[in-house]
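Participant: In case you want the letters, here they are:
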Amino acid sequence: MQQESVYIDPILEPILRQVPDPEIPVLSILDLGMVREARLKDKAVAVKLTPTYSGCPAMDVIGDDIKKAIEDAGYVCDVELVLSPAWSTDWITPEGRKALEEYGIAAPLDASADKRALLGEEKLVKCPQCQSKNTHLVSQFGSTACKALFKCDDCREPFDYFKCLI
Amino acid sequence: MSLKKHDFRENGDKIDYILTIADNSLILGQRMGELTGHGPTLEVDIACTNIALDLFGQVRSYFQYAAQLAEKSCTEDDLAFLRTEREYKNVLLVEQPNTNFAYVIAKQFLFDHYHFLFLNELQNSNDATLSAIAKKSIKEVSYHKRFSSDWVLRLGDGTSVSKEKIQKAINDLWPFTQELFEPNEAEEKAVELGYGVDIAKLQEEYKQAVEKVLIESTLEVPVFEFYQRGGKKGVHSEHMGYLLSDMQYMQRTYPGMKW
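Sequences listed follow chains R and W, in order. Residue numbers 1 to 166, in the working numbering, belong to the letters of the first sequence in order. Residue numbers 1001 to 1259, in the working numbering, belong to the letters of the second sequence in order.
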């Protein structure tokens, strides 16, 4: 499912990989699939960035962080925000999903399973602490716009679920 | 600040259209934002403020585009915070007060179903930016619609008290729904030129979707013959001035302030 027309210059890749999502610091913005393009021409870098949610308050910070990381490496950087194609949770890389789970956030299910899980029809979301699927939805909106709040009925821990957005 | 068509010449109609659609999200977002720290439970508080955040995010995309079309003679912040009451083009529905939780939900519910159908069509706009904003926003709005519909069901099919309250809220807000489907001048022009949505066509589908949830919630579908309108032409209810005085306070008191 990765990714519609993404181009990241191989020289810039390691630099961008160092830039975390400020709200989920274990995730690189590359693993989230937020960088749609990073082109290098002489010393000038042009980055195209797409938001996960329109109102994501981290966008300005992420834009600044990218600019700083690239300028620290000796380039001139311009960051442009693009909305189309709209970001999808399918763009999160397998490494990104693994990092999410290890951090304690359940990774997004596919679209139809996500809907059934959020409507409470089926127990499908796996607790990132104890791996049990005996969990229930507490709220469709969690600590940030991109997450829902769940609770595990086995280990009793509440946890965030990264909502599916396709 | 005063925004007049002739300020922007050829883009004036499109800017008016963007304001007509974006102001709904702005003002509803402001109403939802009033629940910050005041939601009935922590989870609902977070949900309502997340919805407000989504709406503001959408508004920023619209206003940034409008400011660009206005050739930078205004900024997104000017559009949000420095217009006078008559210059806001939102429908009356979204400015109605949060009388109690039932009104918060009923207002959101009646708007979400419209918003979803509207964005679904706006995706086909011949304007690439409007289409991109719609494609982005509709994903978020489908969550809003699910949230508000779930709560209508929960309150309607809940206790006798919750049922009475949500029915009253639906009845009181129902007269504001007709305006959603009556185009103002900018919306008519937008349909003509292919960048806007023919909203009158959405009404039947809206009616069916809303009635389905109401019936499932054991609520009655209100019957009205008289509907309120005016917001889209800038003629607002008495609640709007109070809302704006809250919303614009910082920019009016400290002109040009930034975070």
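These are calculated hints, taken from the structure and not from any lab test. These figures come from a predicted structure and were not determined experimentally. Using N, Cα and C, we set each Cβ at its ideal position, and we do this for glycine too. Keep in mind that the hints are not guaranteed to be accurate.
Derived EDC-like pairs (lysine to aspartate or glutamate); straight-line CA-CA distance at most 20 Å [claimed, not checked]:
1) R/Lys67 to R/Asp110
2) R/Lys115 to W/Asp1150
3) R/Lys115 to R/Asp90
4) W/Lys1135 to R/Asp90
5) R/Lys41 to R/Asp9
6) W/Lys1201 to W/Glu1220
7) W/Lys1189 to W/Asp1013
8) W/Lys1212 to W/Asp1150
9) W/Lys1139 to R/Glu13
10) W/Lys1139 to W/Asp1150
11) R/Lys123 to W/Asp1150
12) W/Lys1201 to W/Glu1216
13) W/Lys1072 to R/Glu80
14) R/Lys43 to R/Asp90
15) W/Lys1258 to W/Asp1078
16) W/Lys1139 to R/Asp9
17) W/Lys1258 to R/Asp60
18) R/Lys151 to W/Asp1045
19) W/Lys1135 to R/Glu13
20) R/Lys151 to W/Glu1043
21) R/Lys48 to R/Asp9
22) R/Lys48 to R/Asp90
23) W/Lys1207 to W/Asp1172
24) W/Lys1135 to R/Glu80
25) W/Lys1207 to W/Glu1238
26) W/Lys1258 to R/Glu13
27) W/Lys1168 to W/Glu1211
Just so you have them, the derived chain W footprint on chain R, three or more residues with Cβ under 8 Å [claimed, not checked]:
28) 67 to 75
29) 132 to 141
The following label-pair restraints were derived from C-beta to C-beta distances [stated by the list, open to error]:
30) W/Glu1164 to R/Glu121: 37 to 43 Å
31) W/Lys1212 to R/Asp154: 32 to 38 Å
32) R/Ile166 to W/Lys1212: 21 to 27 Å
33) W/Glu1121 to R/Glu80: 43 to 49 Å
Participant: Does each hint fit the structure? Answer for all of them.
Facilitator: We went through each hint and held it up to the structure:
The hinted pair formed by R/Lys67 and R/Asp110 fails the criterion: a straight-line CA distance of about 33 Å is larger than 20 Å. The straight-line distance between the Cα atoms of R/Lys115 and W/Asp1150 is roughly 13 Å, inside the 20 Å bound, and the hint therefore holds. For the suggested pair R/Lys115 and R/Asp90, the alpha carbons sit about 15 Å apart, so the restraint of at most 20 Å is met. At roughly 16 Å between alpha-carbon atoms, W/Lys1135 and R/Asp90 fall within 20 Å of each other, so this suggested pair holds.
Only pairs whose Cα atoms come within 20 Å are accepted, and R/Lys41 paired with R/Asp9 is accepted, the gap being roughly 10 Å. With a C-alpha separation of about 24 Å, the suggested pairing of W/Lys1201 with W/Glu1220 is violated against the 20 Å cut-off. In summary, the hint linking W/Lys1189 to W/Asp1013 is supported, as the alpha carbons are separated by about 7 Å, within the 20 Å threshold. Using a Cα cut-off of 20 Å, the hinted pair W/Lys1212 and W/Asp1150 holds, with the two alpha carbons roughly 12 Å apart.
A hinted pair counts as satisfied when its Cα atoms are at most 20 Å apart, and W/Lys1139 with R/Glu13 does not qualify at roughly 29 Å. Of the pairs offered as hints, the one joining W/Lys1139 and W/Asp1150 holds, with about 17 Å between alpha carbons and a cut-off of 20 Å not exceeded. At roughly 18 Å between alpha-carbon atoms, R/Lys123 and W/Asp1150 fall within 20 Å of each other, so this suggested pair holds. With a C-alpha separation of about 25 Å, the suggested pair W/Lys1201 and W/Glu1216 falls outside the 20 Å cut-off, and the hint is violated.
In summary, the hint linking W/Lys1072 to R/Glu80 is supported, as the alpha carbons are separated by about 17 Å, within the 20 Å threshold. Proximity of R/Lys43 to R/Asp90 is assessed by CA-CA distance (about 32 Å); at most 20 Å being required, the pair is judged violated. The hinted pair formed by W/Lys1258 and W/Asp1078 meets the criterion: a straight-line CA distance of about 12 Å does not exceed 20 Å. For the proposed pair W/Lys1139 and R/Asp9, the alpha carbon gap of about 30 Å is over 20 Å, so the pair is violated.
Restraint check for W/Lys1258 and R/Asp60: the C-alpha separation of about 14 Å stays at or below 20 Å, so the hint holds. A C-alpha spacing of about 18 Å is found between R/Lys151 and W/Asp1045, which places the hinted pair at or below 20 Å, so the restraint holds. Restraint check for W/Lys1135 and R/Glu13: not satisfied, since their Cα atoms lie roughly 28 Å apart, outside the 20 Å limit. The suggested pairing of R/Lys151 with W/Glu1043 holds, with an alpha-carbon distance near 13 Å, which does not exceed 20 Å.
For the suggested pair R/Lys48 and R/Asp9, the alpha carbons sit about 12 Å apart, so the restraint of at most 20 Å is met. The suggested pairing of R/Lys48 with R/Asp90 holds, with an alpha-carbon distance near 18 Å, which does not exceed 20 Å. At roughly 17 Å between alpha-carbon atoms, W/Lys1207 and W/Asp1172 fall within 20 Å of each other, so this suggested pair holds. With a CA separation close to 19 Å, the supplied pair W/Lys1135 and R/Glu80 stays within the 20 Å bound.
Between W/Lys1207 and W/Glu1238 the alpha-carbon distance is near 28 Å, which puts this suggested pair outside the 20 Å criterion. A C-alpha spacing of about 33 Å is found between W/Lys1258 and R/Glu13, which places the hinted pair above 20 Å, so the restraint is violated. Using a Cα cut-off of 20 Å, the hinted pair W/Lys1168 and W/Glu1211 holds, with the two alpha carbons roughly 16 Å apart. With 0 residues having a Cβ less than 8 Å from any Cβ of chain W, the stretch 67 to 75 of chain R misses the three-residue criterion, and the hint is violated.
Here the stretch 132 to 141 of chain R counts 4 residues with a CB under 8 Å from a CB of chain W, which clears the bar of 3, and the coverage holds. At about 29 Å, the CB distance of W/Glu1164 to R/Glu121 disagrees with the hint of 37 to 43 Å. For the pair W/Lys1212 and R/Asp154, the beta carbons lie near 36 Å from each other, so the given range of 32 to 38 Å is met. Separated by about 24 Å at the C-beta atoms, R/Ile166 and W/Lys1212 satisfy the suggested range of 21 to 27 Å.
Range check, W/Glu1121 to R/Glu80: Cβ separation about 28 Å, and the 43 to 49 Å hint is violated.
The structure shown violates the earlier hints numbered 1, 6, 9, 12, 14, 16, 19, 25, 26, 28, 30 and 33.
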